[in-house]
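My request is simple: use the sequences and hints to build the entire structure.
Number of protein chains: 2
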Amino acid sequence: MVQNWLVVGIVSGLISVGVALYLYFWVMKQDAGSEKAQEVAGWIREGAASYLKRLYTALTLVAVILGVIIAVVFSFDLNQVGIGPMEFTLASGLETAGAFIVGAVCSALAGYMGMTVAVQANVRSAVAVAEHLNKGFKVAFFAGAVMGLAMVGLAVAGMSTIYLVTNNPEVVLGFSFGASTLALLAKAGGGIYTKTADIAADLVGKVEVGIPEDDPRNPAVVADNVGDNVGDVAGMGADIFDSYVASAVASMLLGAAMGGPLGEMYTIFPLILCILGIYASLIGIQFVRVGKNGKPGKALNFGTVFTCSIFGVMVLALVLVGGFDISVFWSTVTGLVTGVLIGFTTEYFTSEDFKPVLETAKVSDSGAAITIITGFSYGLLSIIPSVVGVVIAMLISYHVAEASGVITGIYGIGISAVGMLAISGMIVSSDAYGPIVDNARGIAEMAGMDHEVIEKADVLDSAGNTAKAITKGFSISAAALTVLALFAAYAEVIEAHGITLNISLRSPLVVAGVFLGAMTPPIFSALTMLSVTHNAFDMIEEIRRQFRAEPGILKGTVVPDYKTCVSLAAEGALSSLVIPAFLAVGLPLLVGFVLGPDALGGFLGGAIFTGVVFALFMSNAGGLWDNSKKFIETGKYGGVGSEAHKASVVGDTVGDPFKDTAGPSLNTLITVMSLVSTLFAPVIAVFHIF
Amino acid sequence: MVQNWLVVGIVSGLISVGVALYLYFWVMKQDAGSEKAQEVAGWIREGAASYLKRLYTALTLVAVILGVIIAVVFSFDLNQVGIGPMEFTLASGLETAGAFIVGAVCSALAGYMGMTVAVQANVRSAVAVAEHLNKGFKVAFFAGAVMGLAMVGLAVAGMSTIYLVTNNPEVVLGFSFGASTLALLAKAGGGIYTKTADIAADLVGKVEVGIPEDDPRNPAVVADNVGDNVGDVAGMGADIFDSYVASAVASMLLGAAMGGPLGEMYTIFPLILCILGIYASLIGIQFVRVGKNGKPGKALNFGTVFTCSIFGVMVLALVLVGGFDISVFWSTVTGLVTGVLIGFTTEYFTSEDFKPVLETAKVSDSGAAITIITGFSYGLLSIIPSVVGVVIAMLISYHVAEASGVITGIYGIGISAVGMLAISGMIVSSDAYGPIVDNARGIAEMAGMDHEVIEKADVLDSAGNTAKAITKGFSISAAALTVLALFAAYAEVIEAHGITLNISLRSPLVVAGVFLGAMTPPIFSALTMLSVTHNAFDMIEEIRRQFRAEPGILKGTVVPDYKTCVSLAAEGALSSLVIPAFLAVGLPLLVGFVLGPDALGGFLGGAIFTGVVFALFMSNAGGLWDNSKKFIETGKYGGVGSEAHKASVVGDTVGDPFKDTAGPSLNTLITVMSLVSTLFAPVIAVFHIF
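For the protein sequence lines, the chains are A and B, in the order given.
If you're matching positions, the first sequence starts at 0 in numbering that gives the first Met the number 0 and goes up one per residue.
If you're matching positions, the second sequence starts at 0 in numbering that gives the first Met the number 0 and goes up one per residue.
By construction, these hints were calculated from the structure, which means they are not laboratory data.
C-beta atoms are modelled at their ideal positions from N, C-alpha and C, and glycine is treated no differently.
Be aware that one or more of the hints could be misleading.
Label pairs and their in silico Cβ distance ranges [unchecked claim]: (1) I391/A <-> F87/B: 36 to 42 Å; (2) Q2/A <-> I688/B: 44 to 50 Å; (3) E207/B <-> G638/A: 19 to 25 Å; (4) E212/A <-> V208/B: 31 to 37 Å; (5) V304/A <-> I688/B: 32 to 38 Å; (6) N501/B <-> F581/A: 32 to 38 Å; (7) D352/A <-> I688/B: 35 to 41 Å; (8) H450/A <-> T344/B: 54 to 60 Å; (9) G634/A <-> E207/B: 21 to 27 Å; (10) G258/B <-> F689/A: 26 to 32 Å; (11) E540/A <-> P550/B: 46 to 52 Å; (12) G209/B <-> E540/A: 34 to 40 Å.
This is the structure:
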């Protein structure tokens, strides 16, 4: 039965990729608009391509180095340590290294497809929206679906193939580690890129020379629009890809730990959930449409809830027919419901319909400092629904599973994470929609389209922001449950190698580990944000230099040198990743090899605790400041140009790296740290100083 | 021998209080200056007295309610639960309740003495500095020493007396809980008060009507100066009082847990350390003086290092002569050295001699947003030396103690915390110096003293800021070690009542506890900071109202109504404490009674981890912004009035509630949570739902 399911997995994955390709060509067939619009879109496309080329070059280097290390380390038979000479079997090392490389390649491929269609869809969506709001929406959403479906398809096909070939979930872990390493670099690098360009473009363009946003005279305008794609499309996709795979792999490991035929059945179950999720997303995507006078935001939310419902029914049917214990259904539902609830409650803190955003807007006329303090404080409070939600989901799914007497409680937690993430096909589609319509608006402005078109594009854009807030809450919570499952998987792998793991908080070594781990997410956030400001300063110098050297640029008679800004942003972002990448991959190994597996367990725990807190707080505070600025721009408290508006712009600028650079990278950081620890757990179990 | 030491403790405590009283009268004998200066000082004194009256009224209410609960709960013999009818012995309940009340009263008394002398010393220091820099320094420092010595004296006398009477360290825990409850309200209340007044005074005074800082025409100017006293003097004193007592009590409990005559000897050892610390501080204080052309900052730092050295020698002598194991000496030294090192390394992030402050100042001419992002990021990085320092101190003192074969490792950690805090007499003296000279400067300005005097007062003031940074690093690190010891004490007390405590991170209940605990410090920070902005808005309305109603105020012909602003600040601060106080006392009990002792263990752990991170980050970021503003005010990057200066003012204003309201209250929060849990551990051990 297991093999049949794996074949179904491969086929379903390929179907998903196939539909993604079909949608890709559908999008490409749409009208690409006037020559001017195509020229503008062309600049963005080139910029994105040049960034991706650099990113993938850097990644190839990292992947080769890590791949070689993995191949060598996993060729030794660690069970022989202290018993006799270690056997060296290159095949087993190559298996894991191969899985690692395939994971990285699949993740890169999904990101590449997503980016490629996004930079074609932006101009087409702008042209389509001129015709009809719904048409513009459809182009952007289907383009988003290309990445959503490519991503889940490649993930499921990849995991199924590797498990079919090796029959060893620890090798699938290598696949997950590959995907996550890529995700970390793509997400953090993209986050630094996008905010570098955004801040530099704003500070010189809007503040110094007083030209509007997205003005083609600004040398950084192309870099800014490229940034939306590399940060929000490719980065976000890689981020969810990584949680998606990690949750499935963690649950597979926890299933395998149950042992016997039962274990075999439940090892495969997470993959089956992913398969059902693919079909639920494929169906759900068909039902996302904006009726006459309909609101795009509602359409996206309806799509998410509808997909959840279909998926729930499918899982129930599977459990009843397939002979699985009913507790896994409850765990799945717990995850799903929690994900949706967290998404909607988080909206309270970031939507302009509620107190936090309104109050932050209101206090802004007393100056930027009060805007910052208020938004910062509400950002801290915004962690409550998600943390409480994750805690409740964890306890329910654990106890339901334990009470079944069939599966382990911790497996139930893993399944609730998979339940949240199984519908990622749909989630990513609505999330990728956001930056595409944001770009569409930019192109409409830069290509000098009618004012009416820009207004319609604005409607699409604001829907993107709402969807983004919800999917962010969703993905951070899912990541929290995923790393909890990975954390349990770490313990299982360590103990499977004959070492008793003691991660009691009464042990000073564990507490030391927790403190060091707790320190990592704040440090990572600080380093990425400082990179943004440093790189932005370099770009500001370049923009000023261009304005000085060629006065024709500001007059609009000379096209600025967009490429130099694009290169600066790309180089800056990638070179800023060295220390953060070390923190993610090197520090856990260092802690493990020096302080031992118990301390490493504590370290992972600590990183998870502060990681979740900081990720939620930074993402939500950023969204809150952004929306309170937008609220003031609707004419409240003096509107654009007022003191309140100036203060809210400061809030928004502070929030930019919070919500687009540091906050969302933290998920990936803690996933990578958990994965590298679990992967190397067998090695750490035998080699450590303390 | 134990009883002898306790008598020595009582006598030494009284000596310390005696010297404090002597210094108090010495300060009072100094010249109080012109009638104008005395009038100004009188306003501040009255304002401080009216705040203290309200604070102590509120505290009496809280103390009575908690006292009654403690008296009733601890009258039941919990060892009988499930065995037979519980005996009700009112005497044993009254013992703990009495200790609780005495703890609160001692802490209040120390704060009262400190405040009383501070509001007399400020004007006297201003008068003295006119004569000679060294004389002004001496008045302010000796006034600070009044609180330092009163505090340690009352603490040691109180603990010794209670232990002498009851011979039960769990009753001394009641004393500590009383002191900490008061500290929490004094610290958080004072922090809200001071920043409410500061922000309101600045926003209307400096920004709206354009009058300088400390201008007597500003109706909030007195409230602002009162705030320095209630926040920085009384609040900070209560804060260190609470860590000081808690570290000693935690170590006493851990000593008692060793059992037998050995346990008895080591139960008393933390008290002996405190006694030696008193004498070391008494000696050290004599050596703090500013030579001709000497720098006050250097004098304070010299005093700290000198006191540490004397104390180290004393402890070595005690250990060699008194037959204690040498490992306790090493633990003590580890704590001391770590405290000093953390203090000095933290200075890297907050002093204007190093990159973080300089860079934050430099980027300020690109606008407030960049100032905030940069300062925020360096604030996050600033946690590294302290966290690594605490981890190393913890591991060293644990392993040294374990290796001794005599005492337990965890007792070693407790002793290193006591080692850090034993010289609190000196630490508090130099810390309380800061707000006194800050006030002196304010009075000099308000009373229209010579420009030269104001300049000299500025020199004294800047030394206060440096001392403050070091003592803050010191006190947060000490609090971290203290709560780790308390955390261990919690486990000991639970197990002493026959319940096995499992706080492994592999248990979902524990992880749930950790998540909930980790959420508490950020929420507490958010609530106190939102209180500051809300209350500041009320006060801003009042200031505007006064300016409107009486135009003579701005002309300087009519004295504004200072009292209303003082009352507003006091009422606002105290009414804002209800939810934060519930978080500190109610939430741990709720978690314990609902989720059980294991989850409560996790909860405390989580609160400690994020509490330490947020406390360090917020305090340091605040100091960094403050100093980068001061650096610009020396004329760099355009100096006062430039764009860079405006941005740095935003940074400074954001940093104000970070460093003076939220950050330093977190120590006390986690101490109170640990104490209430440990105190009620026997009850929770027998009554809990899960």
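Here is how each hint holds up against the structure:
1. I391/A <-> F87/B: 36 to 42 Å: holds (38 Å)
2. Q2/A <-> I688/B: 44 to 50 Å: Distance hint for Q2/A, I688/B holds at roughly 46 Å.
3. E207/B <-> G638/A: 19 to 25 Å: Given range 19 to 25 Å: holds, Cβ gap about 21 Å.
4. E212/A <-> V208/B: 31 to 37 Å: Since E212/A and V208/B have Cβ atoms about 35 Å apart, the given range 31 to 37 Å holds.
5. V304/A <-> I688/B: 32 to 38 Å: holds (34 Å)
6. N501/B <-> F581/A: 32 to 38 Å: holds (35 Å)
7. D352/A <-> I688/B: 35 to 41 Å: For I688/B against D352/A, whose Cβ atoms are near 37 Å apart, the range 35 to 41 Å holds.
8. H450/A <-> T344/B: 54 to 60 Å: holds (57 Å)
9. G634/A <-> E207/B: 21 to 27 Å: Hint holds: Cβ distance 24 Å, inside 21 to 27 Å.
10. G258/B <-> F689/A: 26 to 32 Å: Holds, at about 29 Å.
11. E540/A <-> P550/B: 46 to 52 Å: holds (50 Å)
12. G209/B <-> E540/A: 34 to 40 Å: Between G209/B and E540/A, where Cβ atoms are some 35 Å apart, the hint holds.
Consistency note: the structure conflicts with none of the earlier hints.
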